[in-house]
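Participant: Sequence:
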Amino acid sequence: MKTEKMMDATFMKQALALARKGAGWVNPNPLVGAVVVKNDVVIGEGYHMKYGDAHAEVNALAAAREPVTGSTLYVTLEPCSHHGKTPPCVQRIIDAGIARVVIAVVDPNPLVRGRGIETLMRHGIETTVGVLEERAKALNEPFFTFMTRGTPFVTVKFAQTLDGRIAAKTGHSRWISCPRSLIFAHRLRSTHDAVLVGIGTVLTDNPQLTVRRVKGHNPLRIVLDSHLQIPLDAAILTEQDTAKTLIAVTGNVPPEKKHALEDRNIEVLVCSADESGRVSLADLMTRLGKRGITSLLVEGGSQVITASIKEELFDRILSIIAPKIMGQGIAVVGDLGNTSMKDARHLTIKRISRSGADIIMDLRKDDRDDTTS
23 MKTEKMMDAT FMKQALALAR KGAGWVNPNP LVGAVVVKND VVIGEGYHMK
73 YGDAHAEVNA LAAAREPVTG STLYVTLEPC SHHGKTPPCV QRIIDAGIAR
123 VVIAVVDPNP LVRGRGIETL MRHGIETTVG VLEERAKALN EPFFTFMTRG
173 TPFVTVKFAQ TLDGRIAAKT GHSRWISCPR SLIFAHRLRS THDAVLVGIG
223 TVLTDNPQLT VRRVKGHNPL RIVLDSHLQI PLDAAILTEQ DTAKTLIAVT
273 GNVPPEKKHA LEDRNIEVLV CSADESGRVS LADLMTRLGK RGITSLLVEG
323 GSQVITASIK EELFDRILSI IAPKIMGQGI AVVGDLGNTS MKDARHLTIK
373 RISRSGADII MDLRKDDRDD TTS
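Count along the sequence shown from 1, then add 22; that gives the number in my numbering.
Hints are computed from structural coordinates only; laboratory data are not their basis.
You can take every hint at face value.
DSSO-like cross-link-like pairs, simulated, lysine-lysine; straight-line CA separation at most 30 Å: (1) Lys-159 x Lys-237; (2) Lys-372 x Lys-332; (3) Lys-312 x Lys-266; (4) Lys-364 x Lys-387; (5) Lys-266 x Lys-72; (6) Lys-387 x Lys-43; (7) Lys-191 x Lys-346; (8) Lys-72 x Lys-372; (9) Lys-266 x Lys-279; (10) Lys-237 x Lys-72; (11) Lys-159 x Lys-312; (12) Lys-237 x Lys-266; (13) Lys-35 x Lys-24; (14) Lys-159 x Lys-24; (15) Lys-332 x Lys-387; (16) Lys-372 x Lys-159; (17) Lys-159 x Lys-27; (18) Lys-237 x Lys-43; (19) Lys-60 x Lys-43; (20) Lys-312 x Lys-43.
Per label pair, the in silico range of CB-to-CB distance: (21) Gly-172 x Leu-369: 20 to 26 Å; (22) His-194 x Glu-334: 27 to 33 Å; (23) Thr-91 x Asn-287: 49 to 55 Å; (24) Gly-311 x Asn-61: 41 to 47 Å; (25) Lys-346 x Lys-312: 39 to 45 Å.
Computed from a predicted model, the values in this text were never measured in an experiment.
Even glycine gets a Cβ: it sits at the ideal position worked out from N, Cα and C.
Please take these sequences and the hints and turn them into a complete structure.
Facilitator: Now the structure itself:
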């Protein structure tokens, strides 16, 4: 016979699975799923489907096939207690007559943190917190990082050959990875608030940086272009009605070109310069955080990837490794100033998976010291 703890874990797993269905549609909001259970049977389920739409709890209650009075509500994130894009979910739960609420993790948002739980308990609703907490945090890793730090969760993504090249010495790079990995890359874009490339990538590849191979929202497209070299006919400047573009520059740019871009409703953001005279990545991250950008996907090229790693401005690395050997070509990462193996950046492998012919390595920072000999 299953214990209450076992039943809670079972139903929370179902809520977490529902939450994942919102990937690519809800950001910058977190992924949230909810399940309504009565007499150990699921009578309603829902998830946050799209940014600005009803939250998971409301959808689950609305989908219930019988009265929910006396039921248990399982939800992957603490219900909100404030007015945002939608009314507070806590009040909807109270009005519905829910007897017990099981929450995976407390919402880190200062507007919510603990207040939803407090309100439920004050109204006599039995409240359990912490069921599958680590899974729930991992599900919304960018959201929790942003709420804690105030700057975007940064994923550095690249496709490389087995010998670490992201392009031939001519700059040609299409395509290193297989078709399935290209689909993965587009899905990844759809789950981030913004995507970043350097001007070198724009001049060489002329990318669109939109979501095309899967369904999902287009991220804000950001170009690091310190001196505003971008051609006015670049592909990344098109489709502004569905995919906005932001050009990050320093103060030393041609004013007439800046005005020409702004006349086309393309934002030119002036950032401070680093020691080399390029846009300061640290300053850009701070500015993006103030805009509510919770997640940023860095797609290249080599200079941007190198700077992100050298300045420790990344949280996650996704390396798509193709079973190809290029020989001479452009390396993924340039000079980090390391002189010995002890200087190497340590990473922790979270997951290794197959993607068609390729392998995808999902890694995080590891701040340990190398004490091996």
